[in-house]
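With chain A's structure known, arrange chain B on it following the hints.
Number of protein chains: 2
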Amino acid sequence: MKQATIIGSGLVGSLWAIYLSKAGYKVRIVERRSDMRKEKISAGKSINLATSYRGWKALDEMEIGNEIRKIAIPMYGRTMHDLSGNKTYQPYGINNQAIFSVSRGEINCKLMDIAEQKGNAEISFNEECIGADLKNGIVHLKNTQTGKISEIRSDVVFGTDGAFSAIRYNAMQKLDRFNYSQNYIEDGYREILLPANPDGSYKLDKNTLHIWPRGRFMLIALPNFDGSFTCTLFMPHEGHEYCFNNLTSKDKVEKFFKEVFPNFFEMMPNIADAWEDHPLSSLAIIRCFPWTHGKTALMGDAAHATVPFFGQGMNAGFEDCSVMYSLMKKHNEDWEKVFKEYELLRKPNGDAVQDLSLLNYIVMRDKVADPAFQLQQKVERRIAELYPGTYFPMYSMVSFSDIEYQVALKQGKEQDELIQGIIKKNNINNETNNEIIDEIIHNFFKEKK
Amino acid sequence: MKQATIIGSGLVGSLWAIYLSKAGYKVRIVERRSDMRKEKISAGKSINLATSYRGWKALDEMEIGNEIRKIAIPMYGRTMHDLSGNKTYQPYGINNQAIFSVSRGEINCKLMDIAEQKGNAEISFNEECIGADLKNGIVHLKNTQTGKISEIRSDVVFGTDGAFSAIRYNAMQKLDRFNYSQNYIEDGYREILLPANPDGSYKLDKNTLHIWPRGRFMLIALPNFDGSFTCTLFMPHEGHEYCFNNLTSKDKVEKFFKEVFPNFFEMMPNIADAWEDHPLSSLAIIRCFPWTHGKTALMGDAAHATVPFFGQGMNAGFEDCSVMYSLMKKHNEDWEKVFKEYELLRKPNGDAVQDLSLLNYIVMRDKVADPAFQLQQKVERRIAELYPGTYFPMYSMVSFSDIEYQVALKQGKEQDELIQGIIKKNNINNETNNEIIDEIIHNFFKEKK
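These protein sequence lines are chains A and B, in that order.
Okay, so the first sequence: first residue is 1 according to our numbering, each after it adds one.
Okay, so the second sequence: first residue is 1001 according to our numbering, each after it adds one.
So here's chain A without its partners, still in its complex pose (with noise of 0.2 Å):
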């Protein structure tokens, strides 16, 4: 039987292992860390992904989607909360398009039962990658408990190690002629668990996702089954007036939120108690370039770990199983012909990925509060509307489709300053009634054919 080796059981490798053992391969995961299957998940530890359109694209060609859905909470928009509690709502889409917070643990946790009991994988525990051959799929592996060495070689090898992949730091950086870069971005970020409401209730409505947007920084929040939501506060380390390096107590915790953000100290006065709940973490861009050698191929994070602002990280991991899946078929499991046109394919879409994170960052912190912003998404969704199937945002063509994220920032740019000239052409302002907005737009696709 063909075997496949993963490195890595978190979301992209349980996958892959399920599309894998569908292919009629049998699969050993390893991984370094212990089956957190059988650890408490403490409610406050949660981190919250979204997952969009690629990533239920992907679940559902394993015919796992249904499964997953039913952990999953849609969010239709994002509600932004100003300095003085009043709340303003866009939707992310047309026709209740949405965006599903699923918890990381979760959805790992049943993509990792999916893969041995329905798939054909064995996950074996605390065996850390220490190196590998790269050219003839041997991976060597060190047990983190009884320190003992082993090696298994198999038909091909996949990497799906994560941001900072052993298998990459180990093997892969030592390859001459391999280019690599991990940029931390100035910000970091620190999670923070808002409870429910004694009764249950959700504090907040839960099918949108909550934003705090001020400029240099801002607070978010995803829902939770259990009525809390796992907020995220992104914020510079240092060298601003605002930033983690100046909040060393929990007075200046205290007398930040309640200056910043008093509508969340309202429902949550005992924030700075739960300050240290989480570690302070950094965010960092990971490139690198070849994906692939020999008989191995870094997919998903080990590839391309990009910051989580535009929710995409799990959602462009899915997509290389996907897309690995298609080319395997394509050139009948000619594991050498796959890789070169996986890695040639996904890597300006990886590349891409990254560059959108980074721009929906600035969008998220600061551009949703501008009025001019607003106005223009407000074009730009009555543009959407009315000519569906022609024009896409890029919000949606990144959320809502499986165009490719390289096709997507490009033409979403083109968009961003076409609308802008129609705006300012047509003097349209946030007065400006829908009927006059629509007949704007309706010349505009009049004049364009």
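Don't read these hints as lab results, they were simulated from the structure.
Careful: at least some of the hints might be erroneous.
Derived DSBU-like pairs: lysine-lysine, alpha-carbon spacing no greater than 35 Å straight-line [as the list claims (entries may be wrong)]:
no., chain 1, residue 1, chain 2, residue 2
1, B, 1040, A, 347
2, B, 1174, A, 142
3, B, 1148, A, 135
4, B, 1206, B, 1250
5, B, 1040, A, 174
6, A, 174, B, 1110
7, A, 40, A, 148
8, B, 1252, B, 1026
9, B, 1026, B, 1002
10, A, 250, B, 1340
11, B, 1250, B, 1340
Frame of chain A; chain B shown alone:
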């Protein structure tokens, strides 16, 4: 006694040991390789470097410049060889300014000797750095011959172990928020030894750097003391008409040299036989930050490895020593302050020397053969002669001064535009006589006042 550890006994490590000895430190250098002084360096393995102002300044500061001058051959300009064997000469500076060809092996051996004999340094060979506690100045070593593990604790640690620095890879790169990139350029290189004539004389003028510029690739030659030249062919690895991947047989190598370097081929008709004497090597730009952590600092290539086209790798590393030494004195060996200022001062210059190196590749392989560029150089040199102390060409700022690299880069670009403007405005061409050019220059500087 104050103790310092240096990782790597290369050029920068050995020189820095001399500096630290002078400052009263007992220095332990650990080197992964064996003692190169005990091995016969075959002439065919020599690599040549060009020592320029910054290098001499650091050597003279330690009063060892004259010793190194004994093994250095001045090159006063570049001689370009075209396809027909015609030569064009461009002086590097004014008043016989020169850069100096030295053998990497020879200068390194000399510096190690001086560090051990006149300095207070001890070199331990075959000791590989397998990790470090950067904060506390502890270096973990493994002897490459006995396998013995050991550690050294000292007051301060310096990583001078080159482009693929082990201390950077095994310790720095694991730090949170350490930015790092290794980017290989499209081109590789292969060295070729052009032997002396049977009577020991040089086959080419020895006091010039020879270039065979061919647009997308080039061959260069630097003189050795024994009458030979160390030549280097820089060329794309693949994907071009002329690239290393296309030179796969002796026939092809011979045909290539006959066709594109005919006068070189005449001097060395056995080139195809010597082709495999040296390996094909790759070229990378390595950037990182921070350069220091706790008690540890990176210097030279370990911090800012560049491509060799401006001949500034060693010079920039030696300048790191000058700067670090002046900061040691300024801050009275308060290493925390020294390191902070060192990395903030030097990082922009490390970046600039990398940009300059990449720019100069295009100059050397392509622009030097372009009549428009030659005219520009001629006008620029005349300006420098007429207004010495007022106007420094970029090449002179980099090679004949210690003006910061970042300033040289910025001013050099501005000056390029300035001179192109003067040439265009006054319709200067290759026929314009020198008196008219002088008049135009004088008028320009009069107007400027």
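Consistency of the hints with the structure:
1. B:1040 with A:347: violated (46 Å)
2. B:1174 with A:142: At roughly 19 Å apart (the allowed maximum being 35 Å), residue 142 (chain A) and residue 1174 (chain B) satisfy the hint.
3. B:1148 with A:135: holds (30 Å)
4. B:1206 with B:1250: holds (29 Å)
5. B:1040 with A:174: Since the Cα atoms of residue 1040 (chain B) and residue 174 (chain A) sit roughly 29 Å apart, the hinted pair holds (cutoff 35 Å).
6. A:174 with B:1110: Satisfied, since the Cα-Cα distance of roughly 31 Å is no more than 35 Å.
7. A:40 with A:148: holds (27 Å)
8. B:1252 with B:1026: violated (55 Å)
9. B:1026 with B:1002: holds (6 Å)
10. A:250 with B:1340: Since the Cα atoms of residue 250 (chain A) and residue 1340 (chain B) sit roughly 30 Å apart, the hinted pair holds (cutoff 35 Å).
11. B:1250 with B:1340: violated (53 Å)
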